[in-house]
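Asker: Each chain, written out:
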Amino acid sequence: MTIFKIILLHFWKFKWFIIPLALIFFAIAALFSTAGGTDTFESETLGITVVNNSESETSEALIQYLSSSHEVEVMTEPDREHLEEQVFLMEIHGAVIIEENFEKQVKNGEPAVEIISDERATSAVQLESEISKFLMFANAQFNEHGELDKETLQTALTDTVNVELNNDTVIDTDENYTNAAAYTNFAAYWLMLFIMLSVGNLMSEYNKPELQKRIISAPVSSTSSALQILGAQSLVGIFAVLVMFFGLIGLYYDRLEGMPLAHIFVALMLIMAFTLALQYAINALTTNRFIVNGLANLVTLGLAFLSGIFIPIELFGDTAQRIAEFLPLYHFTQIYAAADITWSEAALSIGILLLYTVAFLIIGIIFSNQRKSTQL
Amino acid sequence: MIAMDKVVKRYKDVIALDHFSFQAKENEIIGLLGPNGCGKTTAINCMLSLLKFDQGTIELFGQPVNPNNNKTKRRIGIVPQELAIFDKLNVVENIDFYCGLYVTNKAERKQLVNEAIAFVGLEKYRKFVPKQLSGGLKRRLNIACGIAHKPEILFLDEPTVAVDAQSRNFILEGVKKMKEQGTTVIYTTHYLEEAEDLCDSFVIMDNGRNVANGTLDELQKSISTTESITVKFITEDDTLVSRLKQIPHVNQVLQSQDKYSIQFEKNHNNLANLIRFIEDNSLTYTEIASEQPSLSSIFLELTGKELRD
Chain A
1 MTIFKIILLH FWKFKWFIIP LALIFFAIAA LFSTAGGTDT FESETLGITV VNNSESETSE
61 ALIQYLSSSH EVEVMTEPDR EHLEEQVFLM EIHGAVIIEE NFEKQVKNGE PAVEIISDER
121 ATSAVQLESE ISKFLMFANA QFNEHGELDK ETLQTALTDT VNVELNNDTV IDTDENYTNA
181 AAYTNFAAYW LMLFIMLSVG NLMSEYNKPE LQKRIISAPV SSTSSALQIL GAQSLVGIFA
241 VLVMFFGLIG LYYDRLEGMP LAHIFVALML IMAFTLALQY AINALTTNRF IVNGLANLVT
301 LGLAFLSGIF IPIELFGDTA QRIAEFLPLY HFTQIYAAAD ITWSEAALSI GILLLYTVAF
361 LIIGIIFSNQ RKSTQL
Chain B
1 MIAMDKVVKR YKDVIALDHF SFQAKENEII GLLGPNGCGK TTAINCMLSL LKFDQGTIEL
61 FGQPVNPNNN KTKRRIGIVP QELAIFDKLN VVENIDFYCG LYVTNKAERK QLVNEAIAFV
121 GLEKYRKFVP KQLSGGLKRR LNIACGIAHK PEILFLDEPT VAVDAQSRNF ILEGVKKMKE
181 QGTTVIYTTH YLEEAEDLCD SFVIMDNGRN VANGTLDELQ KSISTTESIT VKFITEDDTL
241 VSRLKQIPHV NQVLQSQDKY SIQFEKNHNN LANLIRFIED NSLTYTEIAS EQPSLSSIFL
301 ELTGKELRD
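Sequences listed follow chains A and B, in order. Read in order, the letters of the first sequence are residues 1 to 376 in my numbering. Read in order, the letters of the second sequence are residues 1 to 309 in my numbering.
Same shape as in the complex, but just chain B:
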């Protein structure tokens, strides 16, 4: 459905997209992940033909992107990171306007607007103007404006930023429902746990490049870290992280308060090595668990950076 091949986009001397390639199949949610300034929004803008790119090709529905191709545009929806809603218009008027840019039939549009309002749970707020809505409800309205015309491809750019937990869950459930209805979703986010829970596959971006892509399984296999063991120590010791790194085959040690996440190389007797280290050093622990590497640790290994909120 979407095919970007070796796309280069420069802003004067800065390369925003550096031979960036990726493909999206029908009816999947793809997480476009990367730190701020890595080129996620630029990639989306190029796909939406809002930006001209310098090299490469982009195809949507098998057609090269073109700002004048209304037939293709009609099948796309966009939910930008910023709230793209009119302050003076109420919920119905806002959704009706954006839907009207795609659907000219009044009766059909009315039906679609009602469905979109129900989809994002704004039935009680139909006549409310944005300033009367909470941050989370505004985000829902922002989403409704992008999905009312039932796009086949939906670009969701950080839709859960600054949203309360209830609205966040509502949005994530909505995205899953859209996928069930056959929509392909390109989802950019900073929240890796959210992406891990929601997306079928991932594209990890850094400095405008596609560092890795695939399903979580494929990404886990592609990196040297295969095992992550988390230990909760009672002992307070400033040198513990550096000492843990001395254990054979350890790649990384991440500490969060008394919790230590130790990343090991694959195919070694890692748990036994760790327990031996604990006994030798007379350390006391309350929890120990072995798990497959998370998206966060994959991201860390691939980019050398942590993707924080």
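Pulled out of the complex, with its shape left as it was, chain A reads as follows:
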């Protein structure tokens, strides 16, 4: 157990590097935790241009409804390009083109207006939701009474209710899941960085030819030596996973509902195993600390960005998304891809991560044997 102990002792020697790294992680995670709890939205007065091709009572009702809370300009001759340009230049928040047979389409519950807006802006959501609200209410009146009563409709549309929120009993599983997923994504990056830097530096020293000469000439079999190294690294890796996992529980102890905790734990264990295998392969290739440290940062940051750890993958182009599907960290995120994900849904990603781990272990063994044969 001498080698096992010496590896653990070496990790302990890295404590002044590991502890601040862990503290920084939890400080950032805690900030996310408090900042992510409440989102506020306030409706605002929008500048809207309406092109009324219908000239019906219903279209007038829509214009009246929009005018009650927004600045509305009505046009009769539409210049689509001009409207798009105005929206793009943010001169207006949006434009609404009312179709000629608007009333009929509202009665039938068919799409009756075209909205031109900047989809990145929150005003687009506000405009869309207000128009859908109008269309739903108008359709309901037509269905119930066969005609539109503008006054009743207007009252219904502008009516408000006071809602009292009891924060203690609000359970938002979606938000809990989102928090857990964000934490786990970040934890994966930290785990990879921690393992690659600490194991990488430690093994680059341990694998120095002069030290190896002494170790190999000692009465310890290579199998025993490899098992002791693997055991010590795994123990440290498991400890780091437990810190991350219980850190999640500690940070969100009152918001655990909706978090796929078992999946997250398995995902963290797998990414730890994968990183150890990857680092084993890197250490078999080089004992140069500068290369080891450089690769640790390059690989972790590169994988994290390309796999959607830092930025949602949906924001990337098609090519980047396709590349991401081949990366291990992408599959890591897929193990806990939904709050109610089942094991059979996660099985493929678990399998792919395991295959990656085995593949890097084999690569490491091949390079390690090659290095030994040239070294001795």
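Derived from the structure by calculation, the hints contain no laboratory data. Only a predicted model underlies this, so the values are computations on that prediction, with no experimental measurement involved. Do not rely on the hints blindly, as some may be mistaken.
[As the list claims (entries may be wrong)] Calculated pairs, PhoX-like style, for lysine-lysine (alpha carbon to alpha carbon, straight line, at most 20 Å):
1. B:K25 <-> B:K266
2. B:K131 <-> A:K208
3. B:K127 <-> A:K15
4. B:K245 <-> B:K266
5. B:K245 <-> B:K25
6. B:K110 <-> B:K131
7. B:K127 <-> A:K13
8. B:K179 <-> A:K15
9. A:K133 <-> A:K104
10. A:K15 <-> B:K88
11. A:K5 <-> B:K127
12. B:K110 <-> A:K5
13. A:K13 <-> B:K88
Mind docking chain B on chain A? Use the hints.
Answerer: Below, chain B alone, put in the same frame as chain A:
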């Protein structure tokens, strides 16, 4: 204790060991001497079963070498030429680790580690990490890591390279003490004077071959040079070396500043011949001394090379 018989080791087209043979008896210090690249480290690596060899046999303690023979490995110690110590571990931790590879009993190991620290004189530096130690102290730590488990055979590969005089003496005295305690030491070095002072017998290697081996007496008898006369001349003369070579039975003349070392063939009236030469040429000298050939001159005659630091 060690028997290498006609061992051949090739690195592709290069022959590192060319039918190399030698034997080491119990409780002796053997100097493995030779220029860089002559195959000393390869020979050691083969004995330690760190390297596979192509032909021949190697036996340690009467057993053929085998990388899986832990029983034999347990009785061997190695002090490599490079510093084989962990940068992050302190003196005690470094020695304890290497000793732990051989000795599993904690109490026994603690005792052995303390003895090794005392042996190399690092008591004051127990908690120091290597970067806090001087070059000489690091070398001592390197040695302590190799001897803590009290090996019966110890391989010391150039242990005094780049070491200050004080540490060098400390190391050499330590090696002598190890021999007194019953250890067989295989000692490789470039420093022939050091080897002459320390070793009981020698193996002179060149191009992977055993050129000669034996005690200093045996080596002196085996070569044609038996007498070396050193003269310190006052006269400055560029042609002096070539003129000295004209004296009958002279093999070699080595000049170091005003000091001339003249190697003569055995069984001739060499000193009288030299004095006659000095008188005939009206040369002035301050010192003249006759001595048996040193390891350096033996090495020179056998290999045709000088072994410099």
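Asker: Against each hint, give a clear statement of whether it holds in the structure.
Answerer: Going through the hints against the structure:
1. B:K25 <-> B:K266: Cα-Cα ~31 Å, so violated.
2. B:K131 <-> A:K208: 17 Å, holds
3. B:K127 <-> A:K15: 18 Å, holds
4. B:K245 <-> B:K266: Judged against 20 Å, a Cα distance of about 16 Å means the pair holds.
5. B:K245 <-> B:K25: 41 Å, violated
6. B:K110 <-> B:K131: Between K110 (chain B) and K131 (chain B) the Cα gap is close to 24 Å, so the pair fails against 20 Å, i.e. violated.
7. B:K127 <-> A:K13: Holds, at roughly 14 Å.
8. B:K179 <-> A:K15: 43 Å, violated
9. A:K133 <-> A:K104: 17 Å, holds
10. A:K15 <-> B:K88: 12 Å, holds
11. A:K5 <-> B:K127: 18 Å, holds
12. B:K110 <-> A:K5: 15 Å, holds
13. A:K13 <-> B:K88: The given pair, whose Cα atoms are some 7 Å apart, holds under the 20 Å limit.
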